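Protein chains in written order, with our numbering: chain A, 1 to 282; chain B, 283 to 566.
It is worth saying that the hints were derived from the structure and are not from the lab.
Small disclaimer: the values here were computed from a predicted structure and weren't measured.
We put the CB at the ideal spot given by N, CA and C, even for glycine.
Treat the hints with care, as some may be off.
Unchecked claim - If you only want the chain A side, here are some residues facing chain B, beta carbon under 7 Å, derived: (1) C53; (2) L55; (3) G71; (4) R73; (5) R76; (6) A77; (7) Y81; (8) L85; (9) F86; (10) R87; (11) W91; (12) L100; (13) R103; (14) L104; (15) A105; (16) L192.
Said to hold, decoys possible - Residues from chain B that face chain A, not an exhaustive set, calculated with beta carbons under 7 Å: (17) A288; (18) H292; (19) E296; (20) R299; (21) E377; (22) R378; (23) G379; (24) V386; (25) R387; (26) P388; (27) V389; (28) R562.
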Amino acid sequence: MPVTAALSARGLSKRYGSTAALAFVDLEVGAGELVGLLGPNGAGKSTLVKIACGLVRPSAGEARVAGAPAGSRAARASTGYLAELFRFPGWARAEEVLALHQRLARSDGGAAEREALLARVGLGGEGGRQVETMSKGMQQRLGIAQALVGEPRLVLLDEPTSALDPGGRRTVRELLVGLREEGVGVLLNSHLLSEIELVCDRVVIIDRGRVVTEGPPRDLTAPGGVEVETSEGVRRLPEARREDVPGIVRELVAGGAEVYGVRVVSGTLEDAYLDAVVGRDE
Amino acid sequence: MSDALAIAAHSLREAVRRRVLLVVALLTAAFLGLYALAAFEAFDSLEPAGGGFVPIDERALAGGTLLGLAMFVALFLGVVLAVFLTLGAVRGDAERGLLQPLVVRPVGRTTLLIGRLLAASAVCAPYVVTVFLAATLITHAAGDFTPGSLVVPAAGLALGVVTVVAISLLGSALLGTTANGIAIFMVFATGLAAGLLGQIGDALDVDSLTTASSVISWIVPFEALYLNGLHALTADIDGAAGVIVRLGPFGGASDVGAGIWPWAVAWSAAVLALAALAFRRRDL
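Throw the hints in and build the complete structure from the sequences for me.
And the structure:
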């Protein structure tokens, strides 16, 4: 029996007047899959995420969350969401924020769930702290904890690490890996390509409302040749691949060169992103 | 309903923690202090009945006028409170990023609005009743004056501010925070102007003015409820004093009929339904 996708979008389009924010986007996030969403500002990433969680109605097409139409009560019950620009009431304590969301999400996890979520995002023992006394990074962590209330099947994170220091980013990476192991589908919208490259199973690049390329990060990153350090300096062989390395070394040694090191160069996700987005403009 | 109550409790907690209620209590205490001063001074300066050219019950005149004024102030303060508690409920909170985390939960947008209505009403309705009853007690203590009715004016004030809460919620779904605040006070001023028009129409015996006043006061029912309450307050004051006090401050007293009660309730429900419709159609 096939497992229902955490998020499935077919022909999703959104127009604001004469502007097409999204045009016929197909996207799927499987259970336990981490999908990174990349694209320049105004590409339609946030619109896609907002349609998935029911904040924006599509002009055409359909999105389903865990099998239910996006925006329906059943879909919202299966969704956790952290907005790019969110705020919690400054007067509320972290625990009160989570308690309200537990009640609205109909979670019966109680204090144990709240404590576990706070600990998971690195805010253990901070439940009594007022939001207005928290740093931006702490509020972002609280936002992530809030998104995980009620054990959602789909988590939509819109720039979740923008305010975090390197330690906080690592915490979030570990959390995302944990969610994958629990079978939660995650759609991660971020400009931090290195983050996405490190944790995501698949990357979808959007530009001007359309999906321009998608695939696992390793498939999107093109090989960058081989660098060989010899007694005569570093030689770059841009067309060479990993399989060519033994032959290259053999040939160099046979020719009297001394080989000190070999490095297989691979392209980065940034290269792939720029090829997909900037390359379209040229 | 449990979700609406959760939202209402959250909003009430906000009002308490942000010390909105404390500030309101302090300012209201200041108003009541000034009112007490004015009431005692007014009653102390009364001359014995029958001293003038036309015999007037000065005690009733002073009591009715003072309580009519207190009723207007209670309504005005209640409207201010209602507006500030709700004017940014939809677009304002969405622009600040407060609304989105709540709306994506499996709680309907209509439920969210009902929660906000319940919270604001739970603050504003008891508030206006308390201010009015406190003013009544002060007036009684200062001049031994008791109004013809307490229930009708108090209930009218309470339902009046609930109608304003509903308008403010509708405005919050359609307009930005500042624009909504301005719009609500314009609507409030329109109601007052309608009362004054009716007063002028009565004085000059111009039917078209009184009809226009009556129609407008039913379109914005807080005004009709206020006029009705003022009428109940002064109904048993006889003679010249009765004529004068029924002109009232900011609009003459008027018996608008029992139909105003179900009308105001239905009107509030309809306005809230419109707000819910606008909210449901809004992309956030």
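Hint-by-hint comparison with the structure:
1. C53: Check passed: Cβ of C53 of chain A comes within 5 Å of chain B, closer than 7 Å.
2. L55: holds, 4 Å
3. G71: violated, 9 Å
4. R73: Holds. Min distance 5 Å.
5. R76: holds, 4 Å
6. A77: holds, 4 Å
7. Y81: At about 5 Å, which falls below the 7 Å cut-off, the nearest Cβ of chain B leaves the hint on Y81 of chain A intact, so it holds.
8. L85: L85 of chain A check passes; min Cβ-Cβ to chain B is 5 Å, inside 7 Å.
9. F86: holds, 5 Å
10. R87: holds, 4 Å
11. W91: At about 4 Å, which falls below the 7 Å cut-off, the nearest Cβ of chain B leaves the hint on W91 of chain A intact, so it holds.
12. L100: This hint holds: L100 of chain A lies near chain B, its Cβ roughly 6 Å from the closest one there, short of 7 Å.
13. R103: holds, 5 Å
14. L104: L104 of chain A check passes; min Cβ-Cβ to chain B is 4 Å, inside 7 Å.
15. A105: holds, 5 Å
16. L192: violated, 21 Å
17. A288: holds, 5 Å
18. H292: holds, 6 Å
19. E296: holds, 6 Å
20. R299: holds, 4 Å
21. E377: violated, 9 Å
22. R378: holds, 6 Å
23. G379: For G379 of chain B, the interface hint holds, since the closest Cβ of chain A sits about 4 Å away, which is under 7 Å.
24. V386: It holds, given that the least Cβ distance between V386 of chain B and chain A is near 5 Å, below 7 Å.
25. R387: Holds - the Cβ of R387 of chain B comes within 7 Å of chain A, reaching about 4 Å at its closest.
26. P388: Since chain A brings a Cβ to about 4 Å from P388 of chain B, closer than 7 Å, the hint holds.
27. V389: holds, 5 Å
28. R562: Since the shortest Cβ distance to chain A is 9 Å, the answer is violated.
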